Amino acid sequence: MSAITPTSTSTGLPARVWNGTGVVRLRREGAIAPIGAFVVFFVVYVIINPELLTRFQLQTAANLVVPLALVALGQLIIVLVGGIDISIGAIMSLCNVVFAVQLETMPVPVAVLLAIGTGLACGLFNGFLVAYGGLPAIAVTLASAFIFGSLAREVLDRPGGGITTEIYLATSGELLPFVPVSLVWLAVVAVLLWLLLQRTALGRHIYGVGSNMESVRAAGLNARLTKLLAFGLAGVITSLGAMMLAASTVTGDPRSGDPYLLSSIAAVALAGAAFTGGRGSIIGTILAACTLGLIGNLLFFAGVNSYWQYVISALIIVAVVGIPVVWRKAAFFAKGARS
Amino acid sequence: MTDPIRPAEPLLVATDLVKSYGPVKAVQGVTFHCNPGEVLALVGENGAGKSTVAKMLAGAVTPTSGSITVAGEPLASGSVKQSRLSGVRCAFQELALVPDWTVAENLSLPDGAPLRGFSQKKSVVKAKALLESFHLPHIDPRAAVGTLSLADRQLVEIARALAGAPTLLILDEASSALTPPGVSWLFDRIRELTAAGGSVIYVSHRLGEIAEIADRGTVLRDGLVAGEFVRGGWTDDELISMMAGREAERFFPSPPPRTTDAVALSVTNLRAEGLAGIDLTLGAGEILGIGGLQGHGQAELLRALFGAAPAVADSWTVGSRRVSRTTPVRSVRNGLGYVPEDRKTEGLALEMSVGENLLAPWYRAYQLGGRPRLSRERGWIDGVLGALSVRTRGPNELAGSLSGGNQQKLVFGRWMNRSRSVILLHDPTRGIDVRAKQELYGAIVDLAKQGVGILWFSTEVEELVHVCHRVVVLYQGQVADELIDHRLTADNIVGAAVGATGSMAAQNAPLKTERAAG
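From first to last, the protein sequence lines are chains U and H. Quick note, the first sequence lines up with residues 1176 to 1514 if you use the numbering used here. Quick note, the second sequence lines up with residues 2 to 519 if you use the numbering used here.
Take these hints with a grain of salt, some might be off.
Beyond 12 Å from chain H on every Cβ pair, some chain U residues (computed) [to be verified]:
(1) LEU1299
(2) PRO1311
(3) GLY1324
(4) LEU1326
(5) GLU1341
(6) VAL1391
(7) THR1426
(8) ARG1430
(9) LEU1474
(10) ALA1477
(11) PRO1499
Listed below are several chain H residues computed to face chain U (Cβ distance under 8 Å; list not exhaustive) [as the list claims (entries may be wrong)]:
(12) ALA61
(13) ARG85
(14) ALA97
(15) PRO100
(16) LEU110
(17) PHE119
(18) PRO311
(19) VAL313
(20) ASP315
Simulated from the structure, these hints should not be mistaken for laboratory data. Owing to the predicted nature of the structure, the values given are computational and were not obtained by experimental measurement. Note that beta-carbon positions come from the ideal geometry of N, C-alpha and C, so glycine has one too.
Throw the hints in and build the complete structure from the sequences for me.
Here it is in structure tokens:
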């Protein structure tokens, strides 16, 4: 029956073997480059500053990167359905202050649920306008960024709130020696999110909608609902990042989310995700966020002016995103010249 | 009448279907029915409304008015899901598979609720069993669909439509990328389905396939039913004239006699994505046709020659100039012109005016633009608009408000009288009306008379036969055959396009070939 294939695939057998492993999926989702970049970065970091592997520094570093990693995962979900979320920093600020203020009066679980509910509501607000209103995500989220940002200042106009030491210890302390709690939380969220994206139909729909929305609709699936749910899910993940940030800084701050907007987009870009949608990996995004989050520290220990942090971040992004592109072009011409 | 599937009661009845997109009526009142266990062919020229009708049946497009009933029940219009639940499945012409999903995901995800768990392993096992039951074991269910060949993608698409044991299967040009063994595979599946009592609506314009598989047929023309036919009761000529709405011989201008042997473009062993080494020589004033089925390298060839896709060649000259690598900007400077595949996205800036679209390749960043430029170039613009008889209110009208045929004339007209030496045409007459076609033929022949070399890829075989000096047929990214003089016939082009050897002439013969070609 191989007669049906018009192209005789001499490379068919090895491809089949590879398809069985997760490596092909990681490569398709663009995760190989950020994983490699993180490994290189980590080795360089430990060489320059071996102190990282002490308990205190490990804990500090973890508390620094975990909120960014969570927000980047939120951004990743939006990017997977072919959108972009400009309001993610404002959602983070809003959840952050809601969490901090509610803790003054409410028991902890209620405050947590309210913060998550806030994130969900913000996400669904954006998602509804994008999926059912047919408006471009960048315009909707840009507008809602102002709304959410104002609401955050309305809830709490200066840093404060009722975050206690217990909460700090529960989110940003140490579970065991050398195991920061925040990394455990990040791992829990990442695994649950991975299960959702890779092992439920909804997760695969999210990838499909970004890959080719028309095809998904032609297959009889509800593409709009998928988009809406993706925005809601992103809001929830963002609220988790907001709470981690509030707890690790022991304060609620209506401006705390602002720097995370560009960092989250940068992390998703570094993770090799396609901004047209459909491609992007969780592990790549987390490691990209770790890389970007630690650059400032690294430069401090290397004795470089911290303003260079942004230049170095930019160079890393351009290099990691650019190398596969250059590689493909070079490979094409090398192949063309040989045959 | 003890038969449980009473043939007296049709499975599908479509009554007075109308679909309009704004002022354009794609389908204007189509009525037909399909009996259980029957293969109904839906035929017509490009743009006759076949695909729109198929999409309405599948639920992908909501009809503006009219009704569809399946087994007596009205079909919920505009919902693919509802259509699927009523047993109507469709394999679309534009492939409806998600490129970043694996084959297994594409096969299994459309069924079931979104919040259900999804097991890669189980879906792969299921997909493997499904593909094997359809005799497609060579397709790896774990491969991402985007990495498969066009033909394999089409096979997966058909397999997905077949998987639900549909009562009504719609195949919308589903054989367009299949090889002859692939087509006979498809026919086997259709026969299995109809033997089990299912019906098939076979949308196509390949008469050979229709002769073999269709029990009855409905001919569409300009969004209306032009006629009907039953198995064995028709000839190719009758059907063609029914599709075209006039006698079978259509008017094609003859290519002008060649006055010079000068070479306008020559390339040896051109390699690019989808091209496996192509040798080509195009003379000045020559009209060289490119034939072949979709996806065998025609689009890639034109894009590579224009520099829109990376390509390398052993030797490559345009006029007397040697080319090693090219970009669109350099190509235009070298005297090339290109009419791309999709006029709406690649050819025109729809939000800009007619005049600006004509001038698009000739703007330099430092030159005047807007109205001052238009009035300076008024003479040339009016000349082009007049020569092609573009129906427009003037150069300031938005290009997007023109009809498809007139838009196509703009994409073509920007290269006229601009001292071009080679023009690359990607199926310029697709989906435009007969009159616009005639005007384009005339313009193409005029350009050839002026000594411009024309490289013309067309999906319409008749165009290639009548208007071209010479035709090169591509198959799997290579030149399968070169046809000239008495060998330049429709049968030879079709034969070479499906990978049969050059001399196989009879129209249906290639479809019955069991031998793997190429």
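Next on the checklist: Are any of the numbered hints broken by this structure? If so, which, sorted upward?
Outcome noted: The structure breaks hints 6 and 20; every other hint is satisfied.
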